[in-house]
Amino acid sequence: MGDTPQTFLTTPPFDTISKVRFSPTNPQHLLVSSWDTTVRLYDIGEDTPGGRPSEQKCKFDHRAAVLACCFSDASHGFSGGLDTAVRYLDFESEKANVLGSHNDGVSSMVYASERNALISGSWDRTLRIFDSRAQNPEQSSHETPERIYQMDIVNNNLVVAMASRLFHIYDVRKMQTPAQERDSSLKYMTRSLACMTSGEGIIPSAFWTLMGLTASSGYATASVEGRIAVEYFDPSSEAQEKKYAFKCHRQTIGDKDHVWPVNSLAFHPVYNTFASAGSDGTVSIWDHKIKKRLRQYPKYNNPVASVAFNCDGTRLGVATCYTWDEGEQGAKEQREIPQIWIKTVGPEVKPKDWQD
Numbered sequence: 001m002g003d004t005p006q007t008f009l010t011t012p013p014f015d016t017i018s019k020v021r022f023s024p025t026n027p028q029h030l031l032v033s034s035w036d037t038t039v040r041l042y043d044i045g046e047d048t049p050g051g052r053p054s055e056q057k058c059k060f061d062h063r064a065a066v067l068a069c070c071f072s073d074a075s076h077g078f079s080g081g082l083d084t085a086v087r088y089l090d091f092e093s094e095k096a097n098v099l100g101s102h103n104d105g106v107s108s109m110v111y112a113s114e115r116n117a118l119i120s121g122s123w124d125r126t127l128r129i130f131d132s133r134a135q136n137p138e139q140s141s142h143e144t145p146e147r148i149y150q151m152d153i154v155n156n157n158l159v160v161a162m163a164s165r166l167f168h169i170y171d172v173r174k175m176q177t178p179a180q181e182r183d184s185s186l187k188y189m190t191r192s193l194a195c196m197t198s199g200e201g202i203i204p205s206a207f208w209t210l211m212g213l214t215a216s217s218g219y220a221t222a223s224v225e226g227r228i229a230v231e232y233f234d235p236s237s238e239a240q241e242k243k244y245a246f247k248c249h250r251q252t253i254g255d256k257d258h259v260w261p262v263n264s265l266a267f268h269p270v271y272n273t274f275a276s277a278g279s280d281g282t283v284s285i286w287d288h289k290i291k292k293r294l295r296q297y298p299k300y301n302n303p304v305a306s307v308a309f310n311c312d313g314t315r316l317g318v319a320t321c322y323t324w325d326e327g328e329q330g331a332k333e334q335r336e337i338p339q340i341w342i343k344t345v346g347p348e349v350k351p352k353d354w355q356d
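By UniProt numbering, the letter at position 326 of the sequence shown is numbered 326, and the numbering carries on one by one without gaps.
It is worth saying that the hints were derived from the structure and are not from the lab.
C-beta atoms are modelled at their ideal positions from N, C-alpha and C, and glycine is treated no differently.
Mixed in with the good hints there might be a few duds.
Claimed, not checked - List of simulated lysine-lysine pairs, DSS-like, C-alpha gap at most 30 Å:
{"hint": "1", "residue 1": "K247", "residue 2": "K292"}
{"hint": "2", "residue 1": "K256", "residue 2": "K299"}
{"hint": "3", "residue 1": "K350", "residue 2": "K289"}
{"hint": "4", "residue 1": "K299", "residue 2": "K57"}
{"hint": "5", "residue 1": "K256", "residue 2": "K292"}
{"hint": "6", "residue 1": "K95", "residue 2": "K242"}
{"hint": "7", "residue 1": "K242", "residue 2": "K187"}
{"hint": "8", "residue 1": "K95", "residue 2": "K59"}
{"hint": "9", "residue 1": "K289", "residue 2": "K299"}
{"hint": "10", "residue 1": "K247", "residue 2": "K352"}
{"hint": "11", "residue 1": "K242", "residue 2": "K352"}
{"hint": "12", "residue 1": "K243", "residue 2": "K187"}
What the hints assert, rightly or not - Label-pair distances were calculated between CB atoms; the ranges are:
{"hint": "13", "residue 1": "P298", "residue 2": "K247", "range": "17 to 23 Å"}
{"hint": "14", "residue 1": "Q251", "residue 2": "T48", "range": "19 to 25 Å"}
{"hint": "15", "residue 1": "Q135", "residue 2": "E326", "range": "46 to 52 Å"}
{"hint": "16", "residue 1": "E94", "residue 2": "R115", "range": "38 to 44 Å"}
{"hint": "17", "residue 1": "P53", "residue 2": "S237", "range": "50 to 56 Å"}
{"hint": "18", "residue 1": "T10", "residue 2": "Q296", "range": "25 to 31 Å"}
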């Protein structure tokens, strides 16, 4: 089977890429954060012959490596990283304002559109809520038992992955206490997390409805040890019996098994299949309902650090770069420069039983 078409951006960051995130409304706009201390906004261009080429729209400089970024709307976004500041980015004026800060690196952030607020997570063991429209943007701070590694949100359901394999699930309208506290289904440290597309999956039990949370089905999480777990929000025993985990991003070379971290997960906005990206340089597409891989794309020359689908599901952003799995020695041996690939998505992401 031939590969789907892809192009690459001509002005990528020059150091490790931490996140790629597409606009929630403009399928052409991609936000990229990097260890080169920048956040860049790109127009990825058109994938038709003679179509508009890609271009870097603007760049925001920071004082240290940037670990997280996200959009709020088509014209604004947020960023955070090792300088501990949470910034509000205006893409039209190309200005950044500091909304507040954490006491340690900002590791993750999501925009809660249901309450018009940014939620940032940090290694300082806090979640902080910001409203960029307010005179005092920081609205509240909530302690967590461990350092925050990853977060994702769907509707009002916020999932927070922490050190020590801990997970909290919040209703963003009731952030005082988590609705659920869980341990990871995986044995090793959490590397990536993504919530399923809104509205799909298991119908919540009466108990779940009473908790005030929505009917979105769940999330996938992955570890440094080449495994993915599929989890469900509904705490009923019936729903929890459906969760499962599987091995991936592994290869046998000679008589030795090689296992790579799964660095990023992303659900398709229409089909609810998901992409996984690993330090083995591969991206795979999975149908979690039938527990099968639909496609593995040709291998890249670098580890894949981050992936994201655009809002209409027609393109997949793929960031390849050194991901520090081999430490400083690996960095010295690194030959490939960081790159951002834009892959045109075809029918390979569609479930086999999908009815158009």
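Could you check the structure against the hints above and give me the numbers of any it violates, in ascending order?
6, 14, 16
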